[in-house]
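Enquirer: The lines below spell out each chain.
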Amino acid sequence: MRGEAYARVRLVTGAVFAVLGGTIVVRTLLDSGLSLRALPAFALGAAMILLAVFRFRDYLTARRTRS
Amino acid sequence: MATANLATAPAEEPSLRRSVTPWGSFSWGYSDVGADIFVGLGLVLGAAAGASNVAFLFAGIVYVCIGLAYTELAAAYPVAGGGQYFVFRGLGDIFGFIAGWAVLLDFTIDIVLFAWSCIDYLSKLVPVLSFVDHPWVHFIVVFIVIAGLAILNIIGVRESSAFNEFVSGLDVVSETTILFFGFLFAFQPHLLVHTMSVSWPTPFNLMNGVSLAIISFVGLESISQAAQETQRPASVIPRTSISLILTILIFALAYSNLALGMQPWRAIPPDAHGHAQALWHYLGNENNNGAAVAVLASYVPYFGVLAALYVPLLGAILLLISSNSGVFGSSRIAYAMSGTNLLPSIFQRVHKKFRTPAISIMTFCGFAIIELIFASLPSLSPPVKHVYARLFRGEDGITFLGDLYAFGAAASYSFVFIALIALRLNDSQSPRRFKMPFNVPFTYRGNRVEFPVVAVIGFFGIVSILAFTMITHEIGRVAGPLWILCGIGGYLIYRRHKALPVFGSQTHDWRKAQINILQEAGELEMMDEYLLNVRRMDVAAAAAAAAVAGKGPAR
Numbered sequence: 000m001r002g003e004a005y006a007r008v009r010l011v012t013g014a015v016f017a018v019l020g021g022t023i024v025v026r027t028l029l030d031s032g033l034s035l036r037a038l039p040a041f042a043l044g045a046a047m048i049l050l051a052v053f054r055f056r057d058y059l060t061a062r063r064t065r066s
Numbered sequence: 000m001a002t003a004n005l006a007t008a009p010a011e012e013p014s015l016r017r018s019v020t021p022w023g024s025f026s027w028g029y030s031d032v033g034a035d036i037f038v039g040l041g042l043v044l045g046a047a048a049g050a051s052n053v054a055f056l057f058a059g060i061v062y063v064c065i066g067l068a069y070t071e072l073a074a075a076y077p078v079a080g081g082g083q084y085f086v087f088r089g090l091g092d093i094f095g096f097i098a099g100w101a102v103l104l105d106f107t108i109d110i111v112l113f114a115w116s117c118i119d120y121l122s123k124l125v126p127v128l129s130f131v132d133h134p135w136v137h138f139i140v141v142f143i144v145i146a147g148l149a150i151l152n153i154i155g156v157r158e159s160s161a162f163n164e165f166v167s168g169l170d171v172v173s174e175t176t177i178l179f180f181g182f183l184f185a186f187q188p189h190l191l192v193h194t195m196s197v198s199w200p201t202p203f204n205l206m207n208g209v210s211l212a213i214i215s216f217v218g219l220e221s222i223s224q225a226a227q228e229t230q231r232p233a234s235v236i237p238r239t240s241i242s243l244i245l246t247i248l249i250f251a252l253a254y255s256n257l258a259l260g261m262q263p264w265r266a267i268p269p270d271a272h273g274h275a276q277a278l279w280h281y282l283g284n285e286n287n288n289g290a291a292v293a294v295l296a297s298y299v300p301y302f303g304v305l306a307a308l309y310v311p312l313l314g315a316i317l318l319l320i321s322s323n324s325g326v327f328g329s330s331r332i333a334y335a336m337s338g339t340n341l342l343p344s345i346f347q348r349v350h351k352k353f354r355t356p357a358i359s360i361m362t363f364c365g366f367a368i369i370e371l372i373f374a375s376l377p378s379l380s381p382p383v384k385h386v387y388a389r390l391f392r393g394e395d396g397i398t399f400l401g402d403l404y405a406f407g408a409a410a411s412y413s414f415v416f417i418a419l420i421a422l423r424l425n426d427s428q429s430p431r432r433f434k435m436p437f438n439v440p441f442t443y444r445g446n447r448v449e450f451p452v453v454a455v456i457g458f459f460g461i462v463s464i465l466a467f468t469m470i471t472h473e474i475g476r477v478a479g480p481l482w483i484l485c486g487i488g489g490y491l492i493y494r495r496h497k498a499l500p501v502f503g504s505q506t507h508d509w510r511k512a513q514i515n516i517l518q519e520a521g522e523l524e525m526m527d528e529y530l531l532n533v534r535r536m537d538v539a540a541a542a543a544a545a546a547v548a549g550k551g552p553a554r
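Chains A and B, in that order, are what the protein sequence lines are. Residue numbering for the first sequence follows numbering that gives the first Met the number 0, beginning at 0 and increasing consecutively. Residue numbering for the second sequence follows numbering that gives the first Met the number 0, beginning at 0 and increasing consecutively.
Treat the hints as calculated values from the structure; they're not laboratory data. Certain hints may be false.
Reference listing, derived: stretches of chain A covered by chain B, where coverage requires no fewer than 3 residues with Cβ under 8 Å from a Cβ of chain B [stated by the list, open to error]:
hint, segment
1, 12-24
2, 32-44
3, 48-60
Simulated restraints, written as ranges between beta carbons of each label pair [as the list claims (entries may be wrong)]:
hint, chain 1, residue 1, chain 2, residue 2, range
4, B, Gly445, A, Leu59, 35 to 43 Å
5, A, Val11, B, Lys497, 35 to 43 Å
6, A, Leu28, B, Val452, 24 to 32 Å
7, A, Leu28, B, Val533, 36 to 44 Å
8, A, Leu28, B, Gly338, 31 to 39 Å
9, B, Ala541, A, Arg7, 28 to 36 Å
10, B, Glu285, A, Leu28, 46 to 54 Å
11, A, Val8, B, Ile345, 25 to 33 Å
12, B, Ala146, A, Arg7, 41 to 49 Å
13, B, Thr201, A, Thr22, 32 to 40 Å
14, A, Leu59, B, Pro202, 44 to 52 Å
15, B, Phe184, A, Arg7, 23 to 31 Å
16, B, His274, A, Arg7, 35 to 43 Å
17, B, Pro268, A, Thr22, 48 to 56 Å
Bear in mind the structure is a predicted one, so any value in this text is a computation, not a measurement. Glycine residues also receive a C-beta, built at the ideal position from the N, C-alpha and C atoms.
Next comes chain B alone, as it looks inside the complex (with noise of 0.2 Å):
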């Protein structure tokens, strides 16, 4: 990727170099967004059986609104914090902190969900990887895999954007090939409508159905990590990203659509009694369900032969892609965190040699590494394994890792569309060169505004998904909340400690910042007209204010 390095911010100021073409910010997203399919299908399969394609349709449309949220925020404020960024500036610090620690919880999960993930997909080519077959070998790997990545981070080597880009592409004709093949040759509309009704999920299986396929969309914060450094922002990223929005919505809904109405090329393999089992419930099972997208692929005809062998090897480089984008982006997210004073600076501290914030990467690789362990245990201890059916239902390894996924993004896009509201009426000035459809305009303290009714329905749904995966998942209930209660009694000693507003926010000159932004976006039209909107507003409120200074006598 073309991401600036993190170690060079501090010595030479931060100015990130805008190099990103159309094609390099929508295979950026791909790879982080792209991936979640490989992750999401076979436990969505597990969870919803056949619903699976209304869990996805559901969550799909909410993703879509959260995507057009994300697009307008990062066209009219390109910086890389993302859904931090956004809430921090339009609900203040302390929401700002609650959204930030959110995606942290998200970026440590995706460092250790992809990276097992990634290890599934490889078992499928070499056997002796397999979780339920060698639970230690498992973990040692995907231990092992962990502490590379972070290891690499700290020395700063990336993968390159050339690289990421050639994966995506790939990736996307390899996965246009297989669905080309699947619904040309093998796909039953009647098998389909068939297997919906009597395999349709209990409605709790379906809420966490539903709350699981949210996972399958997570990643937004790569679209405005890749605003800060794409050239004139405002018009590529609107373009791109609703081009990767429908990609992956297209993806996600193909793949459920195709499990649950697919004649298989092959005969399936009979279950554990001996049973004949149909291709959703194979795929959903605790073998495959790490790797569905592979197994899937291998059963679509003709090309799965082909697909046999390089799916799972392709599917495995593009989780690791994923999983590194985790290290990487936590890292930079508390970075930015503690530039605002919303963590300790200890996050900003870079090694001396290698110049990257080694202290960031170490603590959420460390966290990832009590997740992987907190995930494996119940594997690796027949013990273990008994606490965990009593208390939390026999929730496997890969389950409860979706769940804290799916809560920590549940948490932070619920926060990005109040913030996208607040900005709307409060932040009226930036100019928006794309806007979420649908709005209805009024004046609000003397300002010509616009709400956004699809961010409203955004945020219902994307807080019926969290109230989903409060009720479905015994874990995330618990283990979700506790972090940020967690997060939010250590922000609130660090802010008393170093003296700044503990539940209020500190002066912010966001003028200042917005002209900063546009001018280094290139964006000279855009940072033209915000000036002289806040001229316009500015003469508007003097005149407003002398005509109550004129009246007030007279009263």
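Pulled out of the complex, with its shape left as it was, chain A reads as follows (with noise of 0.2 Å):
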């Protein structure tokens, strides 16, 4: 897999990641409010959309690429 196909799969994928993470950090802020404890929660969310976020910009770098 190539390429700007190769981008948009990843990009999908880091859809998935952005939901997941919201909803991990969405309902451990609802469920335990900002505790320490649920530090680690927090980190796995926040990765999740950073994660997401760079797929994003890969994928506009493909495009930008392409064009």
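Reconstruct the complex from the two isolated chains, following the hints.
Expert: Next up, the structure:
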């Protein structure tokens, strides 16, 4: 898999991670508040969202390279 | 894998085909590092209990620093030697040897630990392979797996790149699905906080957990191995590496959080005394710690029914690939070290018929089998179990292997951080398409350089993990340093025998080497930039020398 097609697949999986990460952060926040013990769960949610951001950026780069 | 066969290297001048695509590069790294969580999860849950996610978070932060360091170095020096090459180039021969020797320890442990865990995962489908119930069967099968991999590598058979990519892809999809179902239908944040509060470990156990958590992140050598065979590595490697680093971090954090905060879909069997037990406790016990991901997957709502059937097999295949990469990687590193006079030339010898480095393969698989015997002995012989209990606090086989794996990784990664700082200062002319973030610019010996702050943070992080390993692991504290000391002893004898500098370094033409590396990588723009930088530096040095000479007589 090369170029834009690969970037598109990664964009979709990135979106999945973004949804999951957002859900984890919101649910943890609603359930446990800003507890120090919940820090690993927040870190997990943030890492998932960050991965989605990187994949979105890669997708834009791949599109720009094509055009 | 599309890795070049070492066998052909001496006959046809080593030049690896650069055919690895971005997905190939990702899956290569993933099949190495991604398998680690299959081994690490149960071990960490057994040690760090309610703080397992904290242990993974700490080790994960250090791992991100290591990953960034490897990405920068692999993009700037796209050669297959990995950590050993970076240290060799940045710190000289003896440190290059020590880092390479520590990596070799990790590769030999990699062979046996992953073969061991592969059989543990299969035992969830074929109970006769269970280590706890049938230790002799387990031992014999792991032995056969290692011997089989050695023979296959000597004959020259390796798994194909397409197969590797397929298994990695299937695993990413599968793990993501498990997490999706687990977090959406069974994750209870208040249960997570409750488990962490009531099952928080002692500081000793937390340190033990952190030192074991780092094994979930070992295998970054694959980034540099992929760099040597990737087209335009300077632009591809940073993209795929960062994605790989984040994916691995996410899986490690997600599984540990899920294990602590998931409401299981089915009832957990009671413990040996008939008491109810929590999911994390069940996953971390001796029966399940070798196959924790498969057991966890089977307790995920809805998808768990299907996952229970295929995740053990998928895990076993991924672990077998990882074990094979240990056989291949150890022979490749030994071959490279032998070529730079860090190891005797016998490790460069190839089999007449198969043209593979048979002696290297047999030597390091031999070490792996010794480690397997040492790890299995307490279960195979009750008197030995008493001796281990007295000397080593009764550590079980897989924990012993985990100890040494953590020691080797922490030792070699520590040197890589120092090498990165040294190369930033002494080789500022090499273009870096990717740099670790947060750098402090300053002038060093007349050159403008950038000091990597993250490398310092990573160095202290990995050194603390090394210290935790030494403090908490009775066997690791003895066997790890002993491996390094024996290696240094052998190295000193070899260098003296060959009349080479014992503590110093041989003369290396790094400029020529760098031009060749960039040319072979197809990074011609970088090569031009490098030549320009070198020329500028030479002109500046000549001008400075002339200025000093001009001032000389006036004084």
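Enquirer: To test your reading of the hints: which numbers does this structure violate?
Expert: 5, 7, 8, 9, 10, 11, 16, 17
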